[in-house]
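Number of protein chains: 2
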Amino acid sequence: MTKLIEMAKNATAVKAQLAQLSEKQKNGALAAIAKALRENTAQILAANDQDIAAAQAAGMKESMQDRLKLDTVRIEGIAAAVEQLIELPDPVGKILSGETMKDGMRLINIRVPLGVVGIIYESRPNVTVDAATLCLKSGNVCILKGGKEAIYSNTALMKIMRETLEECGLPADFMQLIEDTSRAAAQELMGLAGYLDVLIPRGGAGLIQSVVENAKVPVIETGTGNNHIYVDADADQAMALTILDNAKTQRPSVCNAVETLLVHQDIAEEFLPKAKALLDAHSVEWRGDEITRQILGAQVLPVTNEDYQTEFIDYIMACKVVSDLEEAIAHIAEYGTGHSEAIVTKDYDRANRFTNAVDAAAVYVNCSTRFTDGGEFGLGAEIGISTQKLHVRGPMGLEALTSNKYMVLGSGQIRG
Amino acid sequence: MTKLIEMAKNATAVKAQLAQLSEKQKNGALAAIAKALRENTAQILAANDQDIAAAQAAGMKESMQDRLKLDTVRIEGIAAAVEQLIELPDPVGKILSGETMKDGMRLINIRVPLGVVGIIYESRPNVTVDAATLCLKSGNVCILKGGKEAIYSNTALMKIMRETLEECGLPADFMQLIEDTSRAAAQELMGLAGYLDVLIPRGGAGLIQSVVENAKVPVIETGTGNNHIYVDADADQAMALTILDNAKTQRPSVCNAVETLLVHQDIAEEFLPKAKALLDAHSVEWRGDEITRQILGAQVLPVTNEDYQTEFIDYIMACKVVSDLEEAIAHIAEYGTGHSEAIVTKDYDRANRFTNAVDAAAVYVNCSTRFTDGGEFGLGAEIGISTQKLHVRGPMGLEALTSNKYMVLGSGQIRG
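Chains A and B, in that order, give the protein sequences.
In this text, residue positions in the first sequence follow my numbering: the first is 1, and each later residue adds one.
In this text, residue positions in the second sequence follow my numbering: the first is 1, and each later residue adds one.
Nothing false has been slipped in among the hints.
Below, computed lysine-lysine pairings styled on DSSO-like, alpha-carbon distance capped at 27 Å:
| # | chain 1 | residue 1 | chain 2 | residue 2 |
| --- | --- | --- | --- | --- |
| 1 | B | Lys24 | B | Lys159 |
| 2 | A | Lys216 | B | Lys216 |
| 3 | B | Lys346 | A | Lys94 |
| 4 | B | Lys102 | A | Lys346 |
| 5 | B | Lys9 | A | Lys216 |
| 6 | A | Lys346 | B | Lys94 |
In case anyone wonders, no lab produced these hints; they're calculated from the structure.
As the structure is a prediction and not an experimental result, all values here were calculated from the model.
Next comes chain A alone, as it looks inside the complex:
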């Protein structure tokens, strides 16, 4: 029996207990975890120092080191996020629907935890606490696999959480971290059919693609956002500029930022120079089609098909002038990843046509794509943003970590 199979069996052994924990018990454990994280800040920082030292020795980019870095403020933020989960309603046990069946039995459809949730993620150590506590609140046992860059931090955080569970009189195995950070361990996790009820990848496009291609367990695909803003001939151009600026530059590294600007040909000559001037303030690099370059000049690089396919998550703006709404919709259908898509227009019919025809988790009229977010959508917490259509689409909160069960209460009924 491999180490991972052993962990999977441990998870299976305690999943029924966690599924039936009361909200009060779960909230008590969450409060204790938040407290323990604060009290053990020095221990966490010492472990994080080891990760940072290894990262520096390996010549990791500054921006990547920053994702890895913990300090007292960040640890306080992690603990506070755990406390916020206490305030959220427990999704488990809600009666979703029900009826009295024709023979008199009560049919009750009740919300239950998924069971055992695997989460595979990259460098940020805060995800270890975030994912484990979201699973705890939703009644799910978790098996986590973080990136090797954060292994010291992750191990320290998990040790604190597991010890805290035991102090609360609960099994430590509600939460487990795979300490083997090899590719082989990731492959084995993806193959844990019969143990994992779902595997959720959180990270870059490469990780997500690898999980989707290799997993033999149900997967929720998250994250990649190759998003567009279409500025219609009838747009309020001042509004379009504000929205474009927000969607591209407020936080370009996130999945709800915009990557490609589509502009109606009738206004391109007027709109594009204003858009360029605005984004120049953030040194945004433009890559445009032929008409864009005719309007904005040859310092705009020629856009490639690959650019249209790329989630830059950077200060880069692809741009295409389109002949009409239908061309914009077709472009989005071809290149979009089904995350967040926006139209800016004053025309009622075209707004409707866009929201109906564009196939994405979130479609926007006259506002920024940056709102696709669990907090903004009122979910309170977020385990990721689903870009698949099965199970859940868009921001995933606690309910996304649940399933349902039918209970049928009879008095001797048989089927005729």
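Fit chain B to the supplied structure of chain A, relying on the hints for placement.
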């Protein structure tokens, strides 16, 4: 470009059109399809004759030939089932939830079709019409792959449906049948990432296992039901006998039939002989543990671990005497497939403990497992019974073939 990629592109090209069809248009097409099936009965029967002739030449079992066989009554049944779909409400377009966001935008969560649905199934030709019309009503383009035994029947049925769509002024490619019945074609279908929004296998355990293991697209696992009835010490034994008889013998070939009887040790000596006498009327073969054999005699075969794992779908009853409810729950956790599980008891606390602790799509107190069914649960139609926890669990009706989309309607809002 392979034939299947061409079909996938055809499906993608028309999915937006189908997603936006009105309920009236979809119902019109369904009515026309039902009519065309009736009018072309002779053509369907001629094709079916070719399948039957091939089956006979290949020496197919009578019971399998019966699954394949069509006649005027069965074709009428298929047409009538299509007409029943007309009566069901269109799931698409329902507003699932919504709110006014803090900056004043309207957030609207609306139900949309999944998009392109693949369905892979075995010998029954009625599934071709059933699956295609369920997809049509729920706004989904479908790509079907049936078994090679039914290829003539399936091809004839699909031809009629596609011609009817065209006569209704709709694209024939709303529905496509893969005529290549090879294993390689099945493998290619399972690998159609980027085209298929979901792949649903309908058939035996082997088919389902193969799809779950090999698919690179989201899958809904259906069907396998290795189900148990636990007869508690406090059971009404007459009721337990009625329920056992119904669950085992009313229709043993279906997934909601029971396979293993678990009996509390305190009543085993009294209950088991009555149970055996009852099932003897249907020549049910018993396979029991040691205590069962001590009670019922050596003509009961010794049960093996493999028996406990097997969905017999036949007149075979595995039987185990357990020391208490907890042993029953543990046995179900180890061997059950998460389909339908029942307890017969008069004890309130043990009924609750069973329904809470047993992890299955449907858990029953004092009634037969045979009720796990889309029709019985009020869904009106059924595409299968999900035994996975992601997306949907239990009987799947039209809503199981849908996803959601967020529409955000603003007036210039940006994220601060």
